[in-house]
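J.: Chains as they are written, first to last, in the working numbering: chain A, 1 to 297; chain B, 1001 to 1207.
Treat the hints with caution; some may be incorrect.
Quick look at which bits of chain A chain B covers, simulated, 3 or more residues with Cβ under 8 Å [what the hints assert, rightly or not]:
id, stretch
1, 38-44
2, 129-135
3, 184-192
Hints listed in this document are in silico derivations from the structure and should not be mistaken for laboratory results. Glycine included, each C-beta is placed from N, C-alpha and C at the ideal position.
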Amino acid sequence: MPSLVAVGPGRPASPSVVILAAASPEAGTRVEVGGWAGPLGLLLSLIETRKLDVMTVPLGGLAEAYLDALAGLAGDRLGHISVFVAVAGQLILIKSRALLPRHDGAADLAEATDEGGDPEVELRERLLVYRAHRDAGLRLAAVAAERVGLFRREPAAALAAAFAGAAPPDPVPLEPRLLAGALTELVQVIAPPEPPVEVLARVVTLAERAAVIRAAIRAAPQVILQELLRGVRDRVVVSVTFLALLELMKRHEIVVDQAVPFGPIHARRATAAERSAAGLAPEPGSDPLDESLATFA
Amino acid sequence: MIGEENPPTPAARGLNGDGSPEPVRPLDPIELTEAALEALLFVAERPLSRREIAGLVGTDRATVDARLGDLEVSLRARGIRLVASDDRVELATAPEAGPIVARYVGADAVRLSPASLETLAIVAYRQPVTKAAVERIRGVDSDYTIRSLVHRRLVTELGRADAPGRPFLYGTGFDFLERFGLASLDELPLLEADVASRLVDGQQPDG
Chain A
1 MPSLVAVGPG
11 RPASPSVVIL
21 AAASPEAGTR
31 VEVGGWAGPL
41 GLLLSLIETR
51 KLDVMTVPLG
61 GLAEAYLDAL
71 AGLAGDRLGH
81 ISVFVAVAGQ
91 LILIKSRALL
101 PRHDGAADLA
111 EATDEGGDPE
121 VELRERLLVY
131 RAHRDAGLRL
141 AAVAAERVGL
151 FRREPAAALA
161 AAFAGAAPPD
171 PVPLEPRLLA
181 GALTELVQVI
191 APPEPPVEVL
201 ARVVTLAERA
211 AVIRAAIRAA
221 PQVILQELLR
231 GVRDRVVVSV
241 TFLALLELMK
251 RHEIVVDQAV
261 PFGPIHARRA
271 TAAERSAAGL
281 APEPGSDPLD
291 ESLATFA
Chain B
1001 MIGEENPPTP
1011 AARGLNGDGS
1021 PEPVRPLDPI
1031 ELTEAALEAL
1041 LFVAERPLSR
1051 REIAGLVGTD
1061 RATVDARLGD
1071 LEVSLRARGI
1081 RLVASDDRVE
1091 LATAPEAGPI
1101 VARYVGADAV
1111 RLSPASLETL
1121 AIVAYRQPVT
1131 KAAVERIRGV
1141 DSDYTIRSLV
1151 HRRLVTELGR
1161 ADAPGRPFLY
1171 GTGFDFLERF
1181 GLASLDELPL
1191 LEADVASRLV
1201 DGQQPDG
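One chain only, chain A, in its complex shape:
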């Protein structure tokens, strides 16, 4: 394992080596670097531990140490592992670029343009900005420790003053005319809300559809159900019409015939003889159809 030491922001700190019960020393020894809170903090701590200058240190040379430190990350930091891996990727890229031969001139320019600039310059820039704010935070803490803080009068003091007789100034009187005018303008500005769209349930009754069938039969000696429903796309209308047809058939008002399955359904008015044979009066009565279909089956 690398010889990392725990480094707090801006100050050297003691190493924090954790020995765990594990099968192998590699898995059982974990070096924790404390005091930093992100990938830049970790990288900066590696630089400062080695007493290197962040302005000049070849960042690619820290890739191995960074990856070693990454392997020893505590479990509670695994939630942010992606940001650490992203910086590790940058370091590896920087290292690989340093190993490859470089060509000056147009090729470099094209490469930089294609890949969004030199990753080492960008990472160094980020490190400098991060370090500036980290150190500023430490200086703030030092100022706070030195000055302790400022203190103002608490509200309780003002409350006591109010009890002693102090009173806030009278509020500015509000002119009712102005208020009424403002309200009137507001009413004009805000259009009355559109009434909600009223949705009515469509009702198709057996009686309506039976009337359609009866009218058709009165006009012609026989009708074909499919012809009667030509152009109808509403399944409810089709179903109720068919039910009405069955009801009329059951009441012996009409006679229905279908020669072949799925073929045309012919309906004609029942003759007086046919009704008599069924024990019914020659003319059908005016009893209403059973809309509830309680006696349908």
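For this one, chain A is given, so just place chain B on it according to the hints.
T.: Below, chain B without anything else, positioned relative to chain A:
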């Protein structure tokens, strides 16, 4: 007569004698002296805005600014300081008096983790700033840290950025200045020189 109340006069009801509304009368102006301003801030239980003070005494903003400047100079040698944050001002104890006042009120020193300190520094130096900008500089998720600082009132929500998602803009307020013994943001310790110069030039070091 005891127990009998006089009916309110038309003036008391905001009406003229004929029942018509009485026109709004501005408050009588008061001369804003340095002493009066000091007294006003002394009894105020909260920071007062310059606009509020101007409206209270019936004067213009420039006069308020001038008197506040005079008061700030006069208080430099005293145990009280004028603390300013944005448009608002308040009186607070001088930093030199911090230890004795802290002992009297039993206040503890501010304790913050390194993560909170660097987050607070980013907000203080770069305000108004979004969480995403803080995270770009720190390189790590800062949601919990910012929420913790907001909860402690060291960081405040200033509004929303005019950007996709309308993210919150964060800054510091009086609690930050008081806890860190600063009379204004001008007293913040200087940032590292080269970074500070880039910020002044308007570049985006985190971009």
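J.: Closer than 8 Å Cβ to Cβ for three or more residues is the test here. Does the stretch 38-44 of chain A pass it with chain B?
T.: n = 4 at 8 Å, threshold three: holds.
J.: Count the residues of the stretch 129-135 of chain A whose CB lies closer than 8 Å to any CB of chain B, then report whether that count reaches three.
T.: That given contact holds, which follows from 7 residues of the stretch 129-135 of chain A lying within Cβ reach (below 8 Å) of chain B.
J.: Count residues of the stretch 184-192 of chain A with a Cβ under 8 Å from any Cβ of chain B, then say if the count reaches three.
T.: violated (count 0)
The structure is inconsistent with hint 3 alone, although it conforms to all the rest.
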